[in-house]
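Here the sequence shown stands for residues 1 to 138, numbered as in the numbering used here.
Accuracy of the hints is not assured; some may be wrong.
Said to hold, decoys possible - Taking lysine-lysine pairs in the DSBU-like style, the calculated list, with each CA pair at most 30 Å apart, reads:
#	residue 1	residue 2
1	K42	K126
2	K100	K3
3	K3	K95
4	K54	K132
5	K82	K19
6	K133	K100
7	K95	K21
8	K33	K100
9	K69	K105
10	K105	K120
11	K50	K133
12	K133	K105
13	K69	K103
Hints are computed from structural coordinates only; laboratory data are not their basis.
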Amino acid sequence: MAKKEHSHRFGVYAVLKHKDKFILIKKGKGPFKGRWDLPGGKINFGETPKQTLKRELLEETGLKLASYKLLCVEAYTFKGNKEVFHHTGVIFNAKAKEIKGIKRKPDGNDSYGAEVFTKKEMRGLKLTPLAKKVLKDF
1 MAKKEHSHRF GVYAVLKHKD KFILIKKGKG PFKGRWDLPG GKINFGETPK QTLKRELLEE
61 TGLKLASYKL LCVEAYTFKG NKEVFHHTGV IFNAKAKEIK GIKRKPDGND SYGAEVFTKK
121 EMRGLKLTPL AKKVLKDF
């Protein structure tokens, strides 16, 4: 049996809310393609977590950040068919200025688009492990 490749992913993510609703993105690639996830992603060289958060939210959801506060740091290990990866996420509790301009179409990178959900609607969604772990307390 071939040895699985090990990798580590580190990023900044948001529990993004507008009023009493949550904004999630549908994963466009990777082992969780098609599942719903927290908007966010990796920190580019030279970026601060705040810059990453603003950039990723705009890219994936089309929304501008109104406020944010550090919520937690979460991690999990996933064993896929060809790889084992450890994912660490710095999670911010964030609010969008408005949701009128939400990007529901693919961003050409990692998102098939964003959508707005109530807490009750989220219970029936297939979430990524990171989203499931973070959103269980909401």
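Outcome of the hint check:
1. K42 <-> K126: holds, 22 Å
2. K100 <-> K3: Violated, at about 48 Å.
3. K3 <-> K95: violated, 43 Å
4. K54 <-> K132: holds, 22 Å
5. K82 <-> K19: violated, 41 Å
6. K133 <-> K100: Status holds; Cα separation ~28 Å.
7. K95 <-> K21: holds, 10 Å
8. K33 <-> K100: holds, 26 Å
9. K69 <-> K105: holds, 27 Å
10. K105 <-> K120: OK: K105 and K120 at ~24 Å, within 30 Å.
11. K50 <-> K133: holds, 22 Å
12. K133 <-> K105: The given pair, whose Cα atoms are some 26 Å apart, holds under the 30 Å limit.
13. K69 <-> K103: holds, 23 Å
The earlier numbered hints that this structure contradicts are 2, 3 and 5.
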